[in-house]
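Student: For this one, chain S is given, so just place chain V on it according to the hints.
Top to bottom, those sequences are chains S and V.
Residue numbering for the first sequence is 2 to 69, as defined by the numbering used here.
Residue numbering for the second sequence is -6 to 362, as defined by the numbering used here.
Read the hints as simulated data drawn from the structure, not as lab findings.
As the structure is a prediction and not an experimental result, all values here were calculated from the model.
The beta-carbon is built from N, C-alpha and C at its ideal position, and this holds for glycine as well.
Mixed in with the good hints there might be a few duds.
[As the list claims (entries may be wrong)] Label-pair restraints from in silico Cβ distances:
#1 V/Ser180 <-> S/Val55: 43 to 53 Å
#2 V/Glu71 <-> S/Glu20: 48 to 58 Å
#3 S/Met2 <-> V/Glu71: 20 to 30 Å
[Claimed, not checked] Derived, one-sided and incomplete: chain V residues facing chain S with beta-carbon distance under 8 Å:
#4 Ser142
#5 Lys201
#6 Arg203
#7 Met215
#8 Asp218
#9 Asn220
#10 Gly275
#11 Gly276
#12 Glu320
#13 Tyr324
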Amino acid sequence: MIDARGLSCPMPVVMVQNEVKKSSPDEVKVLVDSKVCVENITRFANTKKYDVEVTKKDGEFELTLKKR
Amino acid sequence: MSKRINIWVLITGVLVGVAALVLTAFGNPANMGFCIACFLRDIAGATKLHSAGMVQYVRPEIIGLVLGSTILALATGEFKPKAGSSPATRFIIGAFVMIGALVFLGCPLRMVIRMGGGDLNAFIGFAGFAVGILIGIFFLKKGFSLKRSYPSTLTEGIAMPGLMIGLLVLAIAVPSIFAMSTEGPGSKHAPMILSLIVAIVIGALAQKSRLCMVGGMRDAVMFKDFNLIAGFGAIFLTVLIGNIILGNFKGFSTYNQPIAHESWLWNLLGMALVGWGSVLLGGCPLRQLILAGEGNGDSAVTVLGMIVGAAIAHNFGLAGTASKLAEDGTYTPGGVATAGKIAVGIGFAVLLLISVLNILKKKNKEANA
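Looking at chain S on its own, in the form it has when it is part of the complex (with noise of 0.2 Å):
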C-alpha cells in the first residue's frame, strides 16, 4: 500500500509511477486524502492500463489500480 497522504502535487502520483515502472504490478493501492490526488493517479493510471477504483473513508481515498 503506498501512502501517499498529506504530499503535494505532483508526489502522489511520482509515488504510483515508481511503483508502476519497478514491477508493472497486477495490483497498486494507494491512500489519499485529497481528490485532486483521486483524480491526478486516475488520469495516470489510464494512461498506464490500468482500472482505478476508489473507496472513500473517513475523508480519505483508497485507490485500487488494476491491470487491464
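Tutor: Relative to chain S, chain V alone:
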C-alpha cells in the same frame, strides 16, 4: 474530447482569458487583467509594507480568487484545513518566486496574458519558465519533497479566507487607511465590485479545474499528462484572439510593451526562478491562492511569503523597471537594477540549497514522512 483533458480546464482557461480582457477593458493595466504577483505586490503597497507609490491598491481580484475557491470548496466538501509541510521553507520559496516574478514583471498567469498580447519579452520569459520547471522536475525525480501536511485546526484553514474577508471589509468601510496609487499601474483598476465578482467566479472555476500554470508543463513532461497545459493554451489563445478582435493586437514585438522591459536575460532568469520555485511548491502563485482558499495553511504561508517578497522587492529596488515611451517620442528602455540581479542570483542559490537538502534518502523514501 480526449478523456485525459478535463473540459473544466478548457472552460476555465477560456474564461480566465475573457475575464482578463474584460478587466483590462474596464480599467486594469494593459496585459494585466490578472497578475497574481502584481496584485499581491499592490496589496503589499496598499498595506504600507512597501512605499512604491505607483503600485499600491487593495486588489479585489486576490480577495475574490481566494473566496471563490473557499465558497466552492465548502460547497463540494473539499474544504479541508491542513498544514505542516515545511511552512518556513515554503515562505522563503514564496518570497523568491515573487522576486523572480517582479524582475520579469508578472507571474506565470500574466506571462501567458502578455504572450497573448503580442509581447515577445514574455515568450523569452516563458523559455526561462520552462527551464526553471525542468530544473525543478530534475529534483523531484531525485526525490525532493517538502514532506507531508496533516489535518489541522479550523483556524488554520480559515486563516487566508478570513484575512481576505477582513481586507475586503476594511477596504469598503475605511478605504482611507490604505495607501492608494494616484498614478502608475496601481492607479489603474476596474471597478471594485466588477473585479471582485469576476474573481470569485474565476476562483471557483480554478478550484474546480485545478488550473495551474506550472502544473501544466510539469505534468506534460513527467507523465505525458496534457490536462493542465490545455488550460494554459486556452488562456493564451483566448487572449490572443480577444486582443485581435478588440483591436489591441499590434503584432509580436519586444518594443514598448505594456509594463514590460526588454532585458532578455533577466526576463529569462526571473521566470526561471519562478518556474523552479513553483515546482518545489507544487503549484504556481494562482494555485497557491486557490489552495489557501481550500484551507491549506502551507499555501497560506506561501502567499504571505509572496507578499513579503513583494515588499522586499520594492523596498530594496529589486523589481524590474518598465520601459517607457514619452509623449515627445523619447524611449527609455527599462530593465533590472544590480540589486535585482544579485537577488535573482541569491534566489537560485537558495533554491538549490532547498532542493538538495530536501531530497529524501532512499531508505526514507518508502516512509516519506
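Student: Next step is simple, just say for each hint if it's right about the structure.
Tutor: Hints and how they fare:
In this structure the supplied range 43 to 53 Å holds for serine 180 of chain V paired with valine 55 of chain S, their Cβ-Cβ distance being about 50 Å. At about 26 Å, the CB distance of glutamate 71 of chain V to glutamate 20 of chain S disagrees with the hint of 48 to 58 Å. For methionine 2 of chain S and glutamate 71 of chain V, the Cβ-Cβ distance of about 24 Å falls inside the hinted range of 20 to 30 Å, so the restraint holds. For serine 142 of chain V, the suggested interface contact is upheld, since its CB lies about 5 Å from the closest CB of chain S, less than 8 Å.
Checking lysine 201 of chain V against chain S: minimum C-beta separation of about 10 Å lies over 8 Å; hint violated. Satisfaction of the interface hint for arginine 203 of chain V is found here, the shortest Cβ-Cβ separation to chain S being roughly 6 Å, below the 8 Å cut-off. A cut of 8 Å between beta carbons decides the hint on methionine 215 of chain V: the least distance to chain S is about 6 Å, and the hint holds. Because the smallest distance between the Cβ of aspartate 218 of chain V and any Cβ of chain S comes to about 6 Å, under 8 Å, the interface hint for this residue holds.
Checking asparagine 220 of chain V against chain S: minimum C-beta separation of about 6 Å stays under 8 Å; hint holds. At its closest, the beta carbon of glycine 275 of chain V sits 4 Å from a beta carbon of chain S; the interface hint therefore holds under the 8 Å criterion. For glycine 276 of chain V, the shortest C-beta to C-beta distance to chain S is roughly 6 Å, which falls under 8 Å, so the interface hint holds. Here the hint on glutamate 320 of chain V is broken, as its CB sits about 48 Å from the closest CB of chain S, past 8 Å.
A least Cβ separation of about 43 Å between tyrosine 324 of chain V and chain S goes past the 8 Å threshold, and the interface hint is therefore violated.
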